[in-house]
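Peer 1: So the chains spell out like this:
2 protein chains.
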Amino acid sequence: MPPETIIEVSGVSGQRGPADHKRRQEILQAADEHFRLYGYRKTTLADIAKSIHLSTPYIYKFFDSKQAIGEAMCWHCLGAVLAHLEGSLSETNSPVERLRRVFIGLERISWQLFNEQKKIYELVSASFEEHWESVGRFQDGIVEVTRKVVIQGRESGEFERKTPLEETSRAIARMTELFYHPSFVRQASKSQEDEALAVANVAIRSLTA
Amino acid sequence: MPPETIIEVSGVSGQRGPADHKRRQEILQAADEHFRLYGYRKTTLADIAKSIHLSTPYIYKFFDSKQAIGEAMCWHCLGAVLAHLEGSLSETNSPVERLRRVFIGLERISWQLFNEQKKIYELVSASFEEHWESVGRFQDGIVEVTRKVVIQGRESGEFERKTPLEETSRAIARMTELFYHPSFVRQASKSQEDEALAVANVAIRSLTA
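Here the protein sequences come in this chain order: W and G. So the mapping is simple: the numbering used here equals the position in the first sequence, first residue as 1, plus 8. So the mapping is simple: the numbering used here equals the position in the second sequence, first residue as 1, plus 8.
For the record, the hints were derived by calculation from the structure and aren't laboratory data. Some hints here could point you the wrong way.
[What the hints assert, rightly or not] Computed footprint of chain G on chain W, listed as stretches where at least three residues anywhere in the stretch have a Cβ under 8 Å from a Cβ of chain G:
1) 190-196
2) 200-211
[To be verified] To give a feel for the contact side, a few chain W residues facing chain G, derived at Cβ under 10 Å:
3) Phe136
4) Glu168
5) Arg169
6) Glu175
7) Ala179
8) Ile180
9) Arg182
10) Ser214
[Unchecked claim] Label-pair ranges, simulated between beta-carbon atoms:
11) Tyr46(G) x Lys198(W): 32 to 38 Å
12) Ser102(G) x Asp148(W): 54 to 60 Å
13) Gly165(G) x Lys126(W): 48 to 54 Å
14) Leu205(W) x Glu94(G): 44 to 50 Å
15) Ser98(W) x Ser98(G): 26 to 32 Å
16) Asp202(G) x Ala217(W): 20 to 26 Å
17) Ser59(W) x Gln125(G): 24 to 30 Å
18) Glu105(G) x Ala217(W): 17 to 23 Å
19) His92(G) x Thr64(W): 50 to 56 Å
20) Lys58(W) x Lys50(G): 34 to 40 Å
21) Glu174(W) x Lys198(G): 17 to 23 Å
Backbone N, C-alpha and C define an ideal beta-carbon position, used for all residues, glycine too.
Work the whole structure out from these sequences, hints included.
Peer 2: Right, here's the structure in full:
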């Protein structure tokens, strides 16, 4: 997460004042550095304040709590995953291939994040364990991406049209959790790409019935 | 888990000597009581030994470690879940209904266990987090149950026969994890029966294509 992009972070709860305030970005940047070095759990709001010569009460002008800062950063990360996924889907027009990419893409990004950005992954794990708003937004995003693909496949005649759109989209989105949820990713000893593909195939066959 | 049924516990690693040894059952019964009262994490091998007036070294004649006792008890619980599931499946001859029952049954038993037997659930959670052998056996059991249903549906002509049996059975078994894995069950704020049914429907439609 390059610091210059942190300015995009906004829209999750616990934040105060204008989103583009220079101080807010400075706080997020300091938090980003601390979380990367020491992890989310071990960093306190006071540590962040001290590192940029601010008082802890002053930080409260911008964020309700450490979690509010964590949420902003977590959404930055999860939002980037969604954007990456949408980019990958836009490279093909086939709804079947798009659905496959939802599964494979989520598995791949999660595995990479888990292995290459341990400290950021710790933050993401905390967000799932504690049901942060950023996780709900992410999961809603996955449902939306899935729903769009199902609609597209129905319109093109490649997918069945009998089942309720909402139930089907939500169930398939739910199935992707097996490959991005931190509890599962942490427990995997290797990439789960083959498994993700096999589950994607079940979803695809259910639609191309 | 009534104590008199503990005698069935056998076959997981870390156990020593004949499985029906009276002392072994006595140790398992004491462990069961301790785990139920204080939880698996807070119980030590010494606590168990002391409660039945045995020395800790003597317990090592029967079990390698506290985990070995935990595994035996955990398998007792997970094995009972599998047996319950098989009983439920035997009540119908329809492969579609059987597959539905795999999902619904696992969701229901897990939710019940989580809500009504907190301390035993803690033990089950530990077994998943630490990849105990009992979990592998349980998951293999789910794959086997699923495979049998798929084979039955293929033989009766209700299910498709194009996809590789093993890949399909494993992928569907994997999907059931969403409803029994402790990480997910713990995070659910209510029973996930509707969701389990929706995901079961995806699996069923993929087979009845």
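Peer 1: Compare the structure with each hint and give your call.
Peer 2: Tested hints:
1. 190-196: holds (count 3)
2. 200-211: holds (count 6)
3. Phe136: holds, 8 Å
4. Glu168: Holds, because the Cβ-Cβ distance from glutamate 168(W) to chain G comes to roughly 8 Å (cut-off 10 Å).
5. Arg169: Not OK, violated: arginine 169(W) not within 10 Å of chain G, min 13 Å.
6. Glu175: Holds - the Cβ of glutamate 175(W) comes within 10 Å of chain G, reaching about 5 Å at its closest.
7. Ala179: With a minimum Cβ separation of about 4 Å from chain G (threshold 10 Å), the hint on alanine 179(W) holds.
8. Ile180: holds, 6 Å
9. Arg182: holds, 6 Å
10. Ser214: holds, 4 Å
11. Tyr46(G) x Lys198(W): 32 to 38 Å: This hint holds: roughly 36 Å between Cβ atoms.
12. Ser102(G) x Asp148(W): 54 to 60 Å: Given range 54 to 60 Å: violated, Cβ gap about 36 Å.
13. Gly165(G) x Lys126(W): 48 to 54 Å: holds, 51 Å
14. Leu205(W) x Glu94(G): 44 to 50 Å: violated, 29 Å
15. Ser98(W) x Ser98(G): 26 to 32 Å: violated, 49 Å
16. Asp202(G) x Ala217(W): 20 to 26 Å: holds, 21 Å
17. Ser59(W) x Gln125(G): 24 to 30 Å: At 47 Å between Cβs, range violated.
18. Glu105(G) x Ala217(W): 17 to 23 Å: Roughly 18 Å apart at Cβ, these two residues keep to the hinted range, so it holds.
19. His92(G) x Thr64(W): 50 to 56 Å: holds, 54 Å
20. Lys58(W) x Lys50(G): 34 to 40 Å: holds, 37 Å
21. Glu174(W) x Lys198(G): 17 to 23 Å: At 19 Å between Cβs, range holds.
Going through the hint list in order, the structure does not satisfy hints 5, 12, 14, 15, 17.
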